[in-house]
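So the protein sequences, as listed, match chains Y, Z and D.
Take the first sequence: its letter number 137 is residue 137 in the numbering used here, and every next letter is one higher.
If you want the numbering used here, it's the 1-based position in the second sequence plus 311.
If you want the numbering used here, it's the 1-based position in the third sequence plus 571.
Please keep in mind that the hints were generated in silico from the structure rather than gathered at the bench.
The beta carbon of each residue, even a glycine, is placed where N, CA and C say it ideally should be.
The reader is advised that the hints may include incorrect statements.
What the hints assert, rightly or not - Chain D regions said to be covered by chain Y (calculated; three or more residues, Cβ under 8 Å):
#	stretch
1	672–683
2	754–768
3	838–844
As the list claims (entries may be wrong) - To give an idea of the chain Z side of the interface with chain Y (calculated C-beta under 7 Å), a few residues:
#	residue
4	Leu379
5	Ser381
6	Met402
7	Lys413
8	Gly414
9	Gln415
10	Glu418
11	Leu424
12	Gly449
13	Val496
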Amino acid sequence: MGGDWALFLAGAVSLAGIYVIYTLGLNIQFGFTGLGNLGYVAFFAIGAYTSVILSMPRPGPDVAYIVGYGLPMWAGMIGGSLAAGFFALLIGIPTLKIGEDYFVVVTFAFSEVLRYVLINEKWLTNGTTGFYGLERPFGEFFSGRAYEFFFLFLILVAVVIAYLVMRKICNSPFGRLMKGVRENEQVCLALGKNTYRVKMKAFIVGAMFAGFAGSLYARYATLVVPEMFIPYFTFVAWLSLMIGGRGNNKGAILGCFIFVLADQFTLFVQASAAYAVKLASLRAFIMGALLIIVLRWLPAGILKEKKVTYR
Amino acid sequence: MLVVKDIHKSFGGVKALRGVSLKVERGSIVGLIGPNGSGKTTLFNVISGFCPKDSGQVHFKGERIDHLPSYEIAMRGLSRTFQISRAPRGMTVLENMLLAYKGQIGEGVFGALFRGGRISKQEKVNLKKALSILELLGLRNSRNEYAGDLSGGQQRLLSLSRILASGPELILLDEPTAGINLTLVTELLRLIKHFQVEESKTFLIVEHNMRVISEICDMVCVLVSGKDMACGEPEKIQKDERVLKAYLGAVQGDSKEDLE
Amino acid sequence: MLTILLQHTVFGVVTGSILLLATIGFSMVYTTKRFLCISHGELLTIGAYTAYAFHVLLGWNLLYSGIIAVAVTSLVGLAIARGLYEPMEGHGPLVLLFTSVGVTFCLHGILEFIAGPSIRSFRTRILPCIRVGGIPLITMNEIVIISIAMGSIVFLHVVLTQTRIGKAFRAMASNVDLAMARGIDTARISMFVWVYASAMAAVAGILLALVTSVNPDLGWTQILIILAAAILGGLGSIYGVMIGAIFLGVVMDVGVIFFPSGYRAAIAFALMIIVLLVKPKGIFGGG
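Working from the sequences, and respecting the hints, build out all of it.
As structure tokens, then:
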């Protein structure tokens with residue numbers, strides 16, 4: 001029983017790590033720059049699918065899809081991240097100029113349209129069947145249990161790198177500029193800052209984080225299906241940010257861990273299939289209640305944004 | 312330095328500006344007065360690029376700027392303050408100041424990631440400059456406070472400091488003395504004069520406070536119902552019959568503010 | 572070909588009618604409270620399940636079950652609004668939006684917990700089709716649905732133009748502060764809006780369940796299309812929304828003739844995105 005716990009924890013923490021990278025991207029877009037991206041999961045999906053498509057072997061004649069370029073896994077991951085950034089650029093051009101309210105709605109609609117494309121365009125994504133049986137990085141060198149811990153190690157390395165990059169960006173004048181745009185865009189314009197460019201950069205960088213997280217997620221789950229990219233996962237990132245503290249990277253990490261561990265724990269606890277559904281609805285309820293409570297009484301999250309001081 | 316020619320602007324059916332023209336000479340302080348609703352803030356918005364005009368031209372330093380977006384105009388040296396300014400709550404006074412400096416390498420993503428050394432050099436220089444301006448405006452002690460925590464008057468001073476830090480040549484001030492106490496007004500006037508004389512800045516100030524007009528303005532322009540009515544030296548304008556009629560006739564409340 | 576086109580257009584009008592009922596309330600809430608209330612979708616589900624409980628489980632008459640469902644949903648909608656949304660109004664539209672998302676998850680969780688995920692249906696008789704020129708065009712059920720929608724339009728129009736509450740609502744819609752200054756009791760108008768919106772949502776939910784099925788995701792799948800219809804018609808324009816809803820219904824159901832049926836909802840979103848980029852105030856102008 002003890003062994004199961006360790007394995008479970010390794011899996012849960014790996015997932016939390018992936019979500020951390022995912023949520024940090026949203027922290028750039030929303031926490032720092034104030035962009036209400038309600039379709040964030042779209043970039044997660046683009047990253048996942050692109051990385052898989054790039055590194056899949058050439059397809060045989062008897063499958064529905066025609067893609068697969070056999071590139072090495074690391075190339076796929078970079079490609080996933082870049083693709084997500086590229087789509088952010090495409091979407092950003094028309095949408096960053098319309099009002100806040102509308103941006104929220106359009107991004108949401110975009111993520112759903114993307115999901116429909118993922119479901120329907122079988123030549124690209126193999127529809128609802130998706131791609132399964134994916135290889136895991138360095139899977140040949142370890143077996144079974146040992147691999148789970150190795151994978152966890154890989155994820156933690158990725159998280160550390162992502163966190164350091166975040167810190168560099170957020171503590172720089174660019175971070176200050178993002179905050180300025182969030183707090184009072186007009187003042188920034190009057191100071192000669194091209195606020196549209198700032199928002200676009202934040203949008204793209206955030207999307208790249210999501211894309212990278214997506215490519216890791218594909219290797220964690222060893223499959224990609226459209227069902228994995230429903231709006232629920234946008235709310236996972238938002239909720240983690242809101243609970244943990246938006247604008248605060250450590251808060252994002254805290255929020256993710258609280259969220260994933262609570263979420264995964266209910267999965268672990270379920271006794272039988274009959275309870276599974278009950279638990280799923282309970283999870284939805286708890287998520288919603290948590291969101292309401294946090295918004296009502298802790299609108300800035302648990303950890304406040306760091307105050308930048310000088311001597 | 313600034314030439315405004317025949318600006319027209321309507322909102323829906325309401326004509327806010329009906330052919331406004333005015334000139335601001337380099338190094339001078341020009342006041343813009345007029346009853347409430349005469350279009351002063353709209354004119355500011357048009358000049359600084361925050362509001363598109365229907366027709367007319369705006370020339371700054373010999374260059375036509377009326378088709379440029381607001382940040383481009385600001386980059387060329389024309390800055391403005393806002394009448395109702397939401398102070399950035401999540402940023403400190405110093406952060407606000409540092410935001411203002413132009414040409415920061417760290418403001419792009421690649422710069423932020425890879426030019427760390429040069430950035431900290433720039434930051435040090437800007438920090439020194441910012442502290443000296445804050446010192447001048449008496450805000451140095453609150454430098455690490457959140458801007459939103461300052462008093463109304465201090466926030467006004469902060470927005471002025473911020474604009475000054477960005478190094479503009481022409482500054483549009485939208486009712487800088489509204490809602491601040493007498494001593495602070497004196498301080499503010501001293502500072503504006505200081506910047507005009509010591510650093511050859513040019514100012515265009517929208518004001519209701521006649522004291523500001525008579526004490527520091529070299530020229531005054533009067534805007535009534537969207538049209539420029541008269542332009543001249545403060546003493547002349549204050550005695551001008553038409554101006555008095557337009558002002559007192561328009562809103563009684565104005566004269567109360569002047570007495571304040 | 573013409574037959575198919577006609578039949579699909581009729582489907583579209585039916586879909587649009589139901590969508591109209593659902594979207595009117597959503598748009599009215601946006602007009603008065605200035606936020607997109609995502610939990611509106613769940614009110615459809617609540618209405619459908621309540622009616623189901625009384626009609627199928629308890630065997631009551633469909634009409635009475637419907638009335639009870641409307642009453643229950645109105646109470647729930649009002650309670651949530653009073654208890655959760657109104658106290659948070661100062662926090663801005665984005666916070667309210669997310670609060671409504673939280674409410675949506677809560678309601679969805681509760682409903683699914685109580686009722687389970689299985690798909691159920693109202694066992695209604697299929698009434699004979701009305702044929703025009705030998706083609707089966709429309710059933711009695713569908714005529715009833717369209718009539719209910721049209722009836723509600725007339726009702727709302729009368730309320731908005733003839734009654735004090737209606738006129739007060741229109742005043743609030745154009746300028747809340749001015750309305751308050753004129754002594755209009757904004758609190759009472761808000762209550763009216765929440766109740767009416769919830770009631771219409773319940774009706775829409777019941778009709779939708781009659782036409783499709785009773786399942787926990789009923790409202791959730793609709794809310795996005797409701798959003799699209801509201802934006803299409805122009806947030807803040809009640810009449811625009813009415814036209815927008817019917818239009819969207821027809822476009823969706825005619826669209827599936829040409830696109831794979833899986834894209835039906837995507838057509839709605841694509842249309843919404845296009846409208847937002849080209850004419851953000853909606854096809855029929857801003858309120």
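Hint-by-hint comparison with the structure:
With a cut-off of 8 Å between beta carbons, the stretch 672–683 of chain D has 12 residues touching chain Y; three or more are needed, and the interface restraint holds. Against chain Y, the stretch 754–768 of chain D contributes 0 residues with a C-beta closer than 8 Å to a partner C-beta. That does not satisfy the three-residue criterion, and the hint is violated. Residues of the stretch 838–844 of chain D lying with their CB closer than 8 Å to a CB of chain Y number 4, which satisfies the three-residue condition for coverage. A distance limit of 7 Å between C-beta atoms decides the matter here; for Leu379(Z) the minimum to chain Y is near 11 Å, and the interface restraint is violated.
A cut of 7 Å between beta carbons decides the hint on Ser381(Z): the least distance to chain Y is about 4 Å, and the hint holds. Taking 7 Å as the C-beta cut-off, the interface hint given for Met402(Z) holds, the closest approach to chain Y being about 6 Å. With a cut of 7 Å, the hint placing Lys413(Z) at the interface with chain Y holds, because the nearest CB-to-CB distance is about 6 Å. Hint status for Gly414(Z) relative to chain Y: violated, with the closest Cβ pair at about 10 Å, above 7 Å.
The interface hint given for Gln415(Z) holds, since its Cβ lies 5 Å from the closest Cβ of chain Y, which is under the 7 Å cut-off. At a threshold of 7 Å, the smallest CB-CB gap from Glu418(Z) to chain Y is about 5 Å, leaving the interface hint in force. Interface restraint check: Leu424(Z) against chain Y, minimum CB-CB distance 6 Å, threshold 7 Å, status holds. Violation of the interface hint for Gly449(Z) is found here, the shortest Cβ-Cβ separation to chain Y being roughly 18 Å, above the 7 Å cut-off.
Hint status for Val496(Z): violated, given a least beta-carbon distance of 23 Å to chain Y, over 7 Å.
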